[in-house]
Structures are given as C-alpha cells and as structure tokens.
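*Asks:* Given next are the chains, with one letter for each unit.
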Amino acid sequence: MKGINLAVNAGEVHAIMGPNGSGKSTLASVLAGREEYDITEGSVTYNNEDLLDMVPEDRARKGIFLAFQYPIEIPGVNTTNFLRTSLNEVRKFNGLEPLNGADFLKLMKEKMKVIEIDKSLTSRSVNEGFSGGEKKKSEIFQMAMLEPKLAVLDETDSGLDIDALRIVAEGVNRLKNADNATVVITHYQRLLDYIVPDFVHIIYDGRIVKSGGKDLALTLEEKGYDWIKEEFGEMTEA
Amino acid sequence: MAEHYKSIFESAGNKLPENACSNLAHARENALRELESGGLPNNRIEYWKYSRIGKVLNGLEVTLNCNDTQLNSLDAPAHVEYASLKKAIADSHPLIEKYLGKYARIENAGLTALNTAFFSNGIFLYVPDDTIVEDPIHLPPQLLHADGGIVQPRNLIVVGKNSSVTLIRQDGSAPANAMTNAIDEVIIQQNASLHHYILQNDQGNSVNGSYVQQERDSRYSRVTVTLDGSFVRNNVNVQMEGTGCETNLYGYYHIRGNNQVDNHTVIEHMEPDCLSNELYVGLLDDDASGIFNGRVMVHQDAQRTNAFQSNKNIVLSDNATMNTKPELEIYADDVKCSHGATIGQVDQEALFYLQSRGIPRDKAMSMLLQGFSVEVTDQIGDEKFQGLVIQQILQHLNAG
Numbered sequence: 001m002k003g004i005n006l007a008v009n010a011g012e013v014h015a016i017m018g019p020n021g022s023g024k025s026t027l028a029s030v031l032a033g034r035e036e037y038d039i040t041e042g043s044v045t046y047n048n049e050d051l052l053d054m055v056p057e058d059r060a061r062k063g064i065f066l067a068f069q070y071p072i073e074i075p076g077v078n079t080t081n082f083l084r085t086s087l088n089e090v091r092k093f094n095g096l097e098p099l100n101g102a103d104f105l106k107l108m109k110e111k112m113k114v115i116e117i118d119k120s121l122t123s124r125s126v127n128e129g130f131s132g133g134e135k136k137k138s139e140i141f142q143m144a145m146l147e148p149k150l151a152v153l154d155e156t157d158s159g160l161d162i163d164a165l166r167i168v169a170e171g172v173n174r175l176k177n178a179d180n181a182t183v184v185i186t187h188y189q190r191l192l193d194y195i196v197p198d199f200v201h202i203i204y205d206g207r208i209v210k211s212g213g214k215d216l217a218l219t220l221e222e223k224g225y226d227w228i229k230e231e232f233g234e235m236t237e238a
Numbered sequence: 239m240a241e242h243y244k245s246i247f248e249s250a251g252n253k254l255p256e257n258a259c260s261n262l263a264h265a266r267e268n269a270l271r272e273l274e275s276g277g278l279p280n281n282r283i284e285y286w287k288y289s290r291i292g293k294v295l296n297g298l299e300v301t302l303n304c305n306d307t308q309l310n311s312l313d314a315p316a317h318v319e320y321a322s323l324k325k326a327i328a329d330s331h332p333l334i335e336k337y338l339g340k341y342a343r344i345e346n347a348g349l350t351a352l353n354t355a356f357f358s359n360g361i362f363l364y365v366p367d368d369t370i371v372e373d374p375i376h377l378p379p380q381l382l383h384a385d386g387g388i389v390q391p392r393n394l395i396v397v398g399k400n401s402s403v404t405l406i407r408q409d410g411s412a413p414a415n416a417m418t419n420a421i422d423e424v425i426i427q428q429n430a431s432l433h434h435y436i437l438q439n440d441q442g443n444s445v446n447g448s449y450v451q452q453e454r455d456s457r458y459s460r461v462t463v464t465l466d467g468s469f470v471r472n473n474v475n476v477q478m479e480g481t482g483c484e485t486n487l488y489g490y491y492h493i494r495g496n497n498q499v500d501n502h503t504v505i506e507h508m509e510p511d512c513l514s515n516e517l518y519v520g521l522l523d524d525d526a527s528g529i530f531n532g533r534v535m536v537h538q539d540a541q542r543t544n545a546f547q548s549n550k551n552i553v554l555s556d557n558a559t560m561n562t563k564p565e566l567e568i569y570a571d572d573v574k575c576s577h578g579a580t581i582g583q584v585d586q587e588a589l590f591y592l593q594s595r596g597i598p599r600d601k602a603m604s605m606l607l608q609g610f611s612v613e614v615t616d617q618i619g620d621e622k623f624q625g626l627v628i629q630q631i632l633q634h635l636n637a638g
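Chains as they are written, first to last, in the working numbering: chain A, 1 to 238; chain B, 239 to 638.
Isolated chain B (complex conformation) (with noise of 0.2 Å):
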C-alpha cells in the first residue's frame, strides 16, 4: 500500500506545489511515512466507530485532479492577504513557513496524512495584526473533484494579533464517486477574533478536518450547519494554547434518507482560565445515522476552566440512529464543567399547546422542528447568512 502511495506522489510531479524551503517537502515525506506504517481509517478504529468511512473510501483512489479555478479571482478586503495556497507556496511566503503543516497532525490520522502528503491548492488568507475586517468575508467552497477519486483541499488562516474576522463557507455537492478529504489549518494570534460559519448543503462525500490553534485571549466561535450530504464527517480540533481564551462551537444537522453526518470536536484547554462551549442539535429522519462526539480535554495546568457541552437530537424515524459520545477527561482540580446529551422525540406536550391555539398538526411539527435549530442560528453574527441560513434550514424541513 505504502509503494502505491509513493508511485502515486513520485508520478504526480509538478502537480504538487514545493516551496524554495524544505519545510513542506519535509512535512509530505513524513505524511507518506505515517500513511505507510498506518494506512488509511477504518472502523476498527475508536475514532471512526459508527463510521461508513471504509464503504466511503472503498475503490476510491487519489485524484490530482481538481478544478480550482474559483481560486483565480479571490477578492479580498484592503490590508488582507488572500490568494491561492499554491501561489502562496510560490511565493514562499513566510507565513506558510511558519504554519503550513504545523497543526494539522498526522499521526495516527491517516486522512491528514493523505491530505498532507497530497494537496494541491486551496486558500491562503492573512489578516495582518490590528485588523479589524468589517465585512465578512466569503471563501469559496471546496475544491471540485475534476474526475472521481478523493481530492486534497488544503487552507491555511492565519488572524493576526489584536485582529478580527469573520469567515463564511458555503459547501455545494460533489460527485457520488468523489470524496473531499479537507483540511483548514488555522491559528488565531493573540487577542484576535475568528467568527467561522459554513454550509454544507447536499455535499456528497467529504471529511473536513479543521485544526485550530488559539494564542492567549483569542476567540473563535464557529457555527456549522449540515443540511444532508451522503457522507459528511466534519473533525474540529482546538487547542486553546493560552490563557484567557473562548471557543464556541455550535452545529446543526437534518439529515434524511440513507445518509450520515457525523461531528467529531476536540477541545484542549491547555492553560488557565479559558472558557468553551459547545452545542450541536440535529434532527434524523428515514434511514438516516448521526454521530456525535465530543472530547473536552482539560489538561493539568488548565485551572478555573469553564467547559460546558451539549448535544440535542430528535430521533423522526423508527430507522434513523444516533450515536452521541460527550467525553470529558479533567487533569485539573478547579474546573467548572459539564456535559449532556440527549436523545427523544418531539414533544407531545409542546404540540398540543400549539394544536390549541388553533394551529394545524403538520405545521406545529414544522414550527417546533424550526425551532430546534434557533439555538444555534441565533449565533450566526452576520445578519444576512444568518437569514439565507435559516431559509435554507426551513427549506429543507419542508421539503420532507
């Protein structure tokens, strides 16, 4: 296996990007190591249990091929650097030095190796320090697999100290014998600011991993919302480095028919006096299986902690599963903690009192399903994604 990766990368030539210093060459002859000793994930492993990662991958092979030229005509705000990772690689751009392949591990993460040992392109986006970007900033989707097979975005954020941004992803669908293997490496500098919203509607097959490395007093609040997609597996992983931190991840998910989305989060609180939250609430129906997994780590030095997790689904279907794992590991002895997650249906109660206020049963159920989702809509900061969300969220409830 590990010979055909090694082919694959030596036949690829100039497809993949080099930089004039060795770091990246390094970071994808480790990556090829890695996928040789460990392969690619399978269910065996704890970590993609309940995954149909393997049927995903089954007879799919590497693509170099992918369409990006969405990536020629980035637009961005004054003091903002925005290109195409390529030609920030070109460049040798100090950032891409510093960052590229820093964060996003690859031991024992067979997927980040892939994506590591093979990527392409994707965007490079530098806010440089005290910047404050006023208006939001829309990323283009994913790249586009040109053939079949899976293809390897790759994006690098970097917000400058005392800066603030606000990212808007909108993730359209793939090819049926495609696979999106993802990964977002991004670090949020001292005191700066990251709001990250993205959409995933009917994606076809993607995993996306997001590394996010925080400096002291950074924020980063991200809201994820899943409307299907046949297999969409989304890993966010944050590690908050310094003190004074805040990290809020919140995600929404309806998913129907045979499809699975499945959120695995990381949070590390590696030092004192940070605070994450997390809510993710979905919504499963037909034949559908959602997977939840949460992992709060509070590391030995992470005193005065505060971690609150929360994971809300409603069960439509008598074939539709749920999997929802909330783990909490605490090396520290002054925490403020907590986890839950919950599994039901809709409430009759709160049906019939809409009902007797003269309000047709279909359109109760619609309302109160609705209303599942505001919770994490009311985080979206940016009024219009806010409302194209929620219409696309109520668009997808009735077309059930």
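If we strip away everything but chain A, and leave its shape as in the complex, we get (with noise of 0.2 Å):
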C-alpha cells in the first residue's frame, strides 16, 4: 500500500471498492492489527490514538471490528462462550460489569432476531461447519453483539446469494447509527444497492485513485475495472 489517505466520521458509510489485489483486504488487516504487515510508512489515528501502536486486542475493545474475508473454523471453542468472553473482556475494558449467563443469553437472543441467525449455530464450534453465508452472517452477529463504533467489513457480499446478501445488509444497516462508522470494502457493486454509502473510494494499486459519492459505484458498474485500470494504469508504471 503507497497512498491511502481517508477519513471516517462517526455516522458515515464509506464503499471501498477496486479489483482484486488493489489493496482492499491489506487495508482492512492493517486496521485490524494482523501481524504480518509491516508499517514502513504513514500513521492512523483513530479517536486521537495512534491506532497502529495498539494489540488487535484493544483495538477490538475500543470498538474496531473487523469482518473477516474468510472466517477462520475454530474447532472446540463454542460459539455463545467465545462470544461471552468477547463481549466480556469488551465491557471489561470500558469499565462495565461483566454481563451474567441470563443477561447475556437474553441479549443474545435480540440480536439472533435482527440477523436472522438459526440459533443452532450459537451452540456449534466457531464457524465449524458453516456454509459461506453461515458465516457471513455469524460476522454480522458478532458485529451486533459488540456494537463496535467502526467496523470494517471484508467482502462480506462475496460468495453470497441474493437472499444472504439481502440479510447481512440489512443487519448492517440496522446497526448503523449516528455515533459509528462502517467501511464496506467490496468487489462487487452489488452490495452497494443494499447498503447505501456516503462516499465511495476506488482503491487500486495499493492507493485510493478515485472518492466520490455514491453515484462513483454506478459508474464503476457502467465501465468496469479497465476504465481504472486504463485511467490509473500508467502511474503505476511511472
């Protein structure tokens, strides 16, 4: 990555969008803290904290989420105690009571409702045997749960059919409110019908080329990826 320069208010939704290997799921690793990418360059501050300084823990506790690409299955760790200890140790760090069982199964259940989760997967492994858009919408669970105040998500529309799609978007858009923000990172246009972003950053080669309002997405699905490829192409060879 050479040249990312964004900036998220609370209550906004940003589209970013490029072909594959532009950048887009390095960009949402980097957030998150995975540990294999170095930062030779550039800062990130979120809340007026250097983001990159902290463990992926804490970035989680002060309310980063990251929606994964590709939820990892995780045999042996059951899904309501890893998400009770997540929330948990969440609430803990900001100074709340820990939720107790009946608390925490009760809320559980509201956010079931909102994502139209089949409660059996909360009593499976964590992802273990989930079909691509079980998992999916496990994401967008968790996401519920830990209210996060921004959260990124990682081509959560791919691999999904109409009907998935349609839920995880509108749990997305259910949870959006005025004090958080959402990245939606994406190939495909097509998510964008279900959730409408304020801005739209077209990332490719590792910088963003292009932002601008929702109607960017209308002209990336009229002309494609080549027309970026084409336009940008040169610099990169430059």
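Just so you know, the hints here were simulated from the structure itself, not pulled from any lab data.
In this text, all values refer to a predicted model and were calculated from it rather than measured experimentally.
Only true hints are included.
Away from chain B, derived, C-beta distances all over 10 Å, residues of chain A:
1) Asp38
2) Gly42
3) Lys106
4) Ser131
5) Lys149
6) Leu150
7) Ser158
8) Ala164
9) Arg166
10) Glu170
11) Ala178
12) Arg190
13) Trp227
Only pairs whose alpha carbons sit at most 25 Å apart, straight line, appear in this in silico DSS-like list of lysine-lysine:
14) A/Lys62 - B/Lys601
15) A/Lys214 - A/Lys149
16) A/Lys149 - B/Lys601
17) A/Lys92 - B/Lys601
Just so you know, even glycine gets a beta-carbon here, dropped at the ideal spot from N, CA and C.
With the hints in hand, could you dock these two chains into one complex?
*Replies:* Okay, structure coming up:
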C-alpha cells in the first residue's frame, strides 16, 4: 500500500472498491492489527489515538470490528462461550460489569432476531461446518453483539446468494447510527444496492485513486474496472 | 536373570493367590518361562522404541507388597458381581478359570509376563447377561506401592451378553522409586456394550496394558485422558473376534516438564462388518516427549471393515518432541480405512480471530488449547465425570 488517505467520521458509511489485488484486504488487515504486515510509513489515527500502536485486542475493545473475508473455523471453541468471553472482555476494558449468563442470553436472542441467524449456529463450534452464508451472517451477528464504533466489512458480500446478501445488508443498516461508522470493502457494486454509502473510494495498486459519492459506484458498474486500470495504470508504471 | 525371577517366585509363598483349578499355576509357569527367554523390554525392541522404559526399570525390583485395602469395600450395583481378584480366585469363580490369562498374551511381552507371573490382586467385575447398569461404576485406582518396586495390579472385567455398563477409573500418583505394571483383561460378550473412561493425573511411572476381547455385535468405547505422569505408557489391544463390532478409542494428553506419555494401540479386525474409530490428540510442552503408535490390522476375512484413525499434536515448546506412527495393515480387499497424523503449532489465524474480538492473547491461547481437547471430552458419556475431566484439563492448562 502506498497512498491511502481516508477520513471516516461517525455516522458515515464508506465503500472501498477495487479490482482483485488492489490492496483492499490488506487495508482491512492493517486496521485490525494483523501481525504479518509491517507498516513502513504513514499513520492511522483513531479517536485521537495512534491505532498502529495498539495490539489487536485493544483495537477491538476500543470499538474496531473486522468482519473477516474468510472467517476461520475454530473447532472445540463453542460459539456462545466465545461471544460471551469476547463481549465481557470488551465490557471489562470499558469499565462495565460483565454480563451474567441470563442477561447475555437475552441479548443474544435479541440480536439473533435482527440478523435472522439460526439458533443452532450458536451452540456449535465457531464457524465450524458453517456454510459460506452462515459464516458471513455470523460475522454480522458478532458485530451486532459488540456494537463497534468502526466496523470494517472485508468483502462480506462475496460468495453470498441474494437472500443472504439481503439479510447481511439489512443487519448492517439496522446497526448503523449517528455514533458509529462503517467501511464496506467490496469487489461488487451489487452490495451497494443494499447498503447505501455516503462515500465511495476506488483503490487500485495500493492507493485510493478516486473518491466520490455513491454515483461513483454506478460509473464503476457501467464501465468496469478496466476503466480504472486504463486511466491509472500508467501511474504505476511511471 | 531367569533364576532371579524364579527365586522371587518361590519365596513369594502365600502372597500369590492360586486357584483349585490349575490354569493359573500353569499361566504363571508359562510367564516365568517367557521372562526367562525374553526378559523385560528395552529400546532395542521396535515396540518400545523412543520409550524410556529401560531407564525407568533400571534398578527396580518386583515387589509383592502393595496396598490393597481399597479392595475390601467394593460397592457393586444390584446384579453385578464385583470383588477383589484375590477373592474371586479363592472362590474359584468359573469366569476366572475361563478367562484369566486367556487374552493377555505374554509372547514377546515381558511386562505382561511379569504381571502374569507375579500379580496378587486387583478387581474382578462381572456384569451378567441382559443387565443394563444405569449408573457408572467407579473402579478404585490401580494398586499402590507399599514400598518401591514394580507392582502388578491385575483386573478381570467381563460384560455378559446384551449387557451394558460404564466404568470409570481415576489414577493418582505413585512414588518416584516405583512403577505400576497393570494388566486389564476385558471380555465383552455378544451384543454387549462397555464405556470405559480413564483419567490419569500425575501418575508417576506406569505401564497400563489392556487386552480387550470383543465378541460379535459388541461395542467398546474408551476415553483415556493423561495429564502428566513422569512416565506413562498405555497399551490398548483390542481384538474384534466377531462380526458387527464397534470400537472407539479416544485419548487426550497434555505433558509438561521432562515427562513422557506413550499411547500404543492395536486394533485387530478379524471378521467382516466391524467399525473402529480412533482419535488421540495431545499437547506437548517444555521438554516433554510424547509417543503415539496406532496399529490397525484388517485380517483377510474382515471384509467391509471401516477403520479410521487420527493422531493430532500441538507442540508448544522448541524442546518438546512427539513421535507418532500410524500403522495400517490390510489383508482384505473390500475395506474403507484412513489414518493420519499431524504435529503442529497453535493456529495463528485462529489466535488473531479471537484477539480481533477483544480477547487477550493469553486467554485466546488457552481457549484454543482447551478447544483442542473437546473432540475427546465430548466422547465421555457420563456428564458428571465429563465435567470433572474438563475441569482438570483446564486446571492443568492454567497451571503452566
């Protein structure tokens, strides 16, 4: 990555689009704190703090949530126990009492309704044996439980049929409020029929080459990524 | 050396029980002869490769003294015959004559021979035909050593036709200058079912041999959980002599320090249409060493056999070692078999996933490690004992 300038404010939805290999998922990984990436230059400021200085768990506790492109299966770790541990770690960090079993289950039930997630999923191991759609729904369900300030959805729409896509998008829309922000990373314009962004950014070869309103996504839909490659391809060669 | 065992045997006097029928005396004689020719195991024997058995046995003498007071108050559910082996022998119980020493093969098995020559006590348990025992039976721990030396507990368990029982055993610690050399003979008769759960926690030195004989349509499910123990070797030998049998062997081990845990299993499919399923998983830390050797033999007549085996390990330190050897020998042509072994580290992706949900790294680590044991603890059918095992596994994880 070499040139990402992006400001996301509370209450905003940003879409980041780009062809394969342009750096979309790298951006998501860097924001969540994946260790494999070395940051050689630049900075990320989150609520006036240096984000890059924080370990992944602290980022999460301070309200950053990454919906994974490929959520990993964790055999032997029960989904409900995992969620409760997660939520209570976040609460503890923010000076709140941990939720007891009954309150936790109540909250879980509530959120399950919002996301239309099947009850059986929460009694299974984390993501184990879930279909592609179930995995993505489970990510959004976790997001609903943790109520992040900044959610980064990394290609959450990829591989979803239209029904699952609609449910995932509705979930995101319902969780949206004036205090939180969402960054939607996607390859397909289709998602933006369901989640209406305030801003659209096009990322190509590690940089944001174009920013605009939601109309930009429509242009992209019309002209395809080749248009971006033609217009900005020479920049990389130069 | 042979003279040596013979003289111990001759001086044993009335410490070794004998029955009126001469089968036991005969078995003891044969065992002494086997000891004479083969001696005790060492690392030069393939079956004991990687094992530190030689070191453990070094300087240890056979002991005839053991603490068997726990066998005086065995509490049996209705219809179950349950007594000390000594008493069953003294009573000349017909099953003693029928089965004792029948399946514990001593050929090229020095420690089994040692046990057969010198065992003095253990338990005898018989579930008669057509008996469903609802509550699990908690067996006493293996005999303890009254002084140092090698002690030989011997157990005979017979589950009668169409019967069903759950047996639970929890073994505790033994002194460092001692070794337990236990043999279980288990006979599961036609269409009977045995659930066998064993928790070994900080055991000292022990070799636990089980010889399980399954008649047609019988089921055997075993879970062995080993949490340290300076030297623990489990030999589980299952022979499915009839059709329609099912065998499930599960194991979990977590070893630290300089300890060694060694699981050797042999499953023999003799007849058609049997199923065996085997999963051992383990964690190795510090300088610990683990061994798994799983042998599945599908004999020529055993058509339509299903046999699955897997051994998965996580090595947590640079100095820990794991030797694993899945072996599959197939002589039939219509079978479905699989086996596999893995040795790896904690999945960094899974760790990051948990961290990215606010869970601190060390807690995430402990969740993943605990999760590793779940496939095995899920197989413990008794809820209360399952809870206890999970709690001890957790305690052991957190003690690190």
